[in-house]
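Colleague: Please model the complete structure; the sequences and the hints are all you need to start from.
Number of protein chains: 2
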Amino acid sequence: MPRWEPSAEDRLRESALALFLERGYENVTVTDITDHAGLTRRTFSRYFADKRDVLFAGSERLPAVISQAVRDADPALGPAEALLAGLAGTAAILAKQVPRSPERRRVVAGSTELRERELGKFVAVTDALAETLRARGATDVGARLLAEVGVAVFRAAFARWTEEPDGADFPVYITEAAAELTGALAPIADQRK
Amino acid sequence: MPRWEPSAEDRLRESALALFLERGYENVTVTDITDHAGLTRRTFSRYFADKRDVLFAGSERLPAVISQAVRDADPALGPAEALLAGLAGTAAILAKQVPRSPERRRVVAGSTELRERELGKFVAVTDALAETLRARGATDVGARLLAEVGVAVFRAAFARWTEEPDGADFPVYITEAAAELTGALAPIADQRK
DNA sequence: GCGCGTGATGTCTCACTGTGTCATCACTGC
DNA sequence: GCAGTGATGACACAGTGAGACATCACGCGC
Numbered sequence: 001m002p003r004w005e006p007s008a009e010d011r012l013r014e015s016a017l018a019l020f021l022e023r024g025y026e027n028v029t030v031t032d033i034t035d036h037a038g039l040t041r042r043t044f045s046r047y048f049a050d051k052r053d054v055l056f057a058g059s060e061r062l063p064a065v066i067s068q069a070v071r072d073a074d075p076a077l078g079p080a081e082a083l084l085a086g087l088a089g090t091a092a093i094l095a096k097q098v099p100r101s102p103e104r105r106r107v108v109a110g111s112t113e114l115r116e117r118e119l120g121k122f123v124a125v126t127d128a129l130a131e132t133l134r135a136r137g138a139t140d141v142g143a144r145l146l147a148e149v150g151v152a153v154f155r156a157a158f159a160r161w162t163e164e165p166d167g168a169d170f171p172v173y174i175t176e177a178a179a180e181l182t183g184a185l186a187p188i189a190d191q192r193k
Numbered sequence: 001m002p003r004w005e006p007s008a009e010d011r012l013r014e015s016a017l018a019l020f021l022e023r024g025y026e027n028v029t030v031t032d033i034t035d036h037a038g039l040t041r042r043t044f045s046r047y048f049a050d051k052r053d054v055l056f057a058g059s060e061r062l063p064a065v066i067s068q069a070v071r072d073a074d075p076a077l078g079p080a081e082a083l084l085a086g087l088a089g090t091a092a093i094l095a096k097q098v099p100r101s102p103e104r105r106r107v108v109a110g111s112t113e114l115r116e117r118e119l120g121k122f123v124a125v126t127d128a129l130a131e132t133l134r135a136r137g138a139t140d141v142g143a144r145l146l147a148e149v150g151v152a153v154f155r156a157a158f159a160r161w162t163e164e165p166d167g168a169d170f171p172v173y174i175t176e177a178a179a180e181l182t183g184a185l186a187p188i189a190d191q192r193k
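Note that the protein sequences, when read in sequence, are chains A and B.
Numbered according to this note's numbering, the first sequence spans residues 1 to 193.
Numbered according to this note's numbering, the second sequence spans residues 1 to 193.
No lab work stands behind these hints, which were simulated from the structure alone.
Since we're looking at a predicted model, the values are computed, not measured.
Just so you know, even glycine gets a beta-carbon here, dropped at the ideal spot from N, CA and C.
Treat the hints loosely; a few may be bogus.
[Unchecked claim] Label pairs and their computed distance ranges (CB to CB):
1. B:P75 / A:A18: 36 to 42 Å
2. B:D166 / A:R106: 46 to 52 Å
3. A:E14 / B:V123: 25 to 31 Å
4. A:D166 / B:G137: 27 to 33 Å
5. B:G78 / A:G38: 37 to 43 Å
[Stated by the list, open to error] Stretch by stretch, here's where chain B covers chain A in the computed footprint (C-beta under 8 Å, at least three residues):
6. 116–130
7. 177–187
Modeller: Below you can see the structure in the form of structure tokens.
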């Protein structure tokens, strides 16, 4: 229930993104952001755990969303197939819901600190996915590795999608990346039997 | 060429690890570390970029070491096979060279901040590996994904190796993890053709 | 043997971050 | 109206990372 100027949180996020794009993440202080938004540093801390966090709004929901999608996949599918279906489904939703993805991506790519944080967010996704895949019958180590591969595929697809603004839909990139990976892994897989 | 008490850098690392193990990473300040080592905070900054860095000595060499191992693999091997061979080879060397791995691992596992930093280090490995795999004939996207999978396999193997002190050799865990992964991916791979 | 330069370390200082505590203000419901 | 509640501001403090400069120990040439 916002009372003052609407939605301090959104204003902070907007200001942050704008300033980061303009000067680069490292050259912007929290005070710069709050001044720009007409608020104080203390208020910033109430909405975001730290300076990096202002760029990762809603990411705490991603693990639940993705694993739910995998859980909801056709029960006849094995773990790996369910994983792919779930990723593609999530990508379709995400592509519409998350605004400013390309801008955010550019800022994150420009700072080691931010890339580290992003990786941390994906670890949460990996953990949740591994748990879900175990529940769908994968072995312990297999579930972990499958989850890790799934996240890698997701990130590769996400990168291409944001880099090609007028390219294909997000889910298309997912199946493409997965095909490319299994192709590259085929020599090892075949030798296995 | 150190002149005073031998090797300030090593003393700082030792002190840091000891204190982190004793009280936990978050509850130790840089001043605590330097006091313990008989040095000053300013000197700490000269050896390490930040507080986390004191736990990641030598990690900047890892990308070069691993990619060199992949480059050195039998030229007859394809990218994926060379990757596995290189990882196993590096693991064998690493297992002997890096001291205190289990302790370090325990500390890192106890702090989100440190886990993030570790992920960042592995990104450098992934980048170097992707470049090497491209040189060995993998496609752009395929090289990236293969590298990512390689790092995942490496980390899974590393985790098991440090968790089972009297278990098998590090390289054994690598081939085990790779086999498990290709097994889990088989359904997708088969459907591909 | 001696001073000199070089490099490692210490001292001092400052900007920035993250956080606790308390005051203040705007709106809600009575 | 008026008390209460919740968002925001003001102030303070510990911790970090970094610049500028002083200082000290060693190795070398004379």
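Colleague: Decide, hint by hint, whether the structure agrees.
Modeller: How the hints compare with the structure:
no. : hint                        : in the structure
1   : B:P75 / A:A18: 36 to 42 Å   : 51 Å, violated
2   : B:D166 / A:R106: 46 to 52 Å : 49 Å, holds
3   : A:E14 / B:V123: 25 to 31 Å  : 29 Å, holds
4   : A:D166 / B:G137: 27 to 33 Å : 31 Å, holds
5   : B:G78 / A:G38: 37 to 43 Å   : 59 Å, violated
6   : 116–130                     : holds (count 5)
7   : 177–187                     : holds (count 11)
Hint compliance for this structure: hints 1, 5 are not met, and every other hint is.
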